[in-house]
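Each residue of the sequence shown is one higher than the one before, counting from 1 in this note's numbering.
Dumping the calculated DSS-like pairs for lysine-lysine here, alpha-carbon to alpha-carbon at most 27 Å:
id : residue 1 : residue 2
1  : LYS174    : LYS238
2  : LYS53     : LYS79
3  : LYS238    : LYS207
Bear in mind the hints are in silico, worked out from the structure with no lab data behind them.
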Amino acid sequence: MKAHSSEIPQPTPLIRDLDPELRPREKALRHGFDALSDAELMAIIFATGLRGKSVIELSRDILNDNRGHLSRVARMSPKELCARYKGIGEAKALTLLAALKLGERTVADSMRADNPAMTSPQIAYDYMAPRLVRLPHEEFWVMYLNQAHHVISERRIGQGGVSGTYVDVRLVIKGALEELASAMILFHNHPSGNLRPSPQDENITRKIRDAASIFDIRLNDHIIITSGAYFSFHDEGKI
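From just these sequences and the hints, can you work out the full model?
Structure representation (structure tokens):
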């Protein structure tokens with residue numbers, strides 16, 4: 001027979017009951033945001049907890065439910081967040097998701113501001129993934145590069161459904177000529193998570209490569225993007 005503990009669970013202390021050094025806002029002011037855990041950062045965003053649950057406990061529960069992955073939380077809609085975590089209303093859900101989206105855009109903008117040379121598929125993936133990785137549909141983008149492999153611009157050429165999108169080769173080449181590009185990289189996402197290129201993917205890659213070569217424009221790569229992974233036509237010897 002299993003023995004039952006006679007100990008009474010201790011309530012989680014409220015923020016106001018914590019030592020000032022342990023309160024997320026005060027801790028951030030004294031030591032900077034890097035000193036805070038993800039739960040403490042979320043606690044600052046939420047500002048208040050729920051009845052019977054402190055804001056830090058609420059934040060920890062959400063993180064634990066997603067195995068500590070903020071990216072999983074960021075993929076939820078406000079309705080999903082409210083439905084999954086009872087007591088969280090639209091205001092809290094919108095505030096948290098807006099903060100996560102702003103952080104995501106900050107990372108993407110930081111890379112664009114640095115304008116690194118696109119010298120590897122990994123750099124190109126890191127640059128473009130924030131645009132494509134969470135879309136529920138396919139999009140096809142072209143990155144136009146100068147002679148030194150720095151980005152001139154990126155253009156969305158096509159948008160389709162879950163399993164495909166139409167790409168007009170003429171628009172790809174027209175953009176390259178308008179930008180006076182020396183090279184370009186193609187990108188599209190696979191919402192299904194399947195990294196392997198389809199026969200259609202390989203066919204459009206050949207068409208664009210052959211059309212670009214007429215104008216002495218190099219096709220450096222075609223990268224298929226999924227969450228946390230990519231397929232490089234260049235690395236796989238398909239260009």
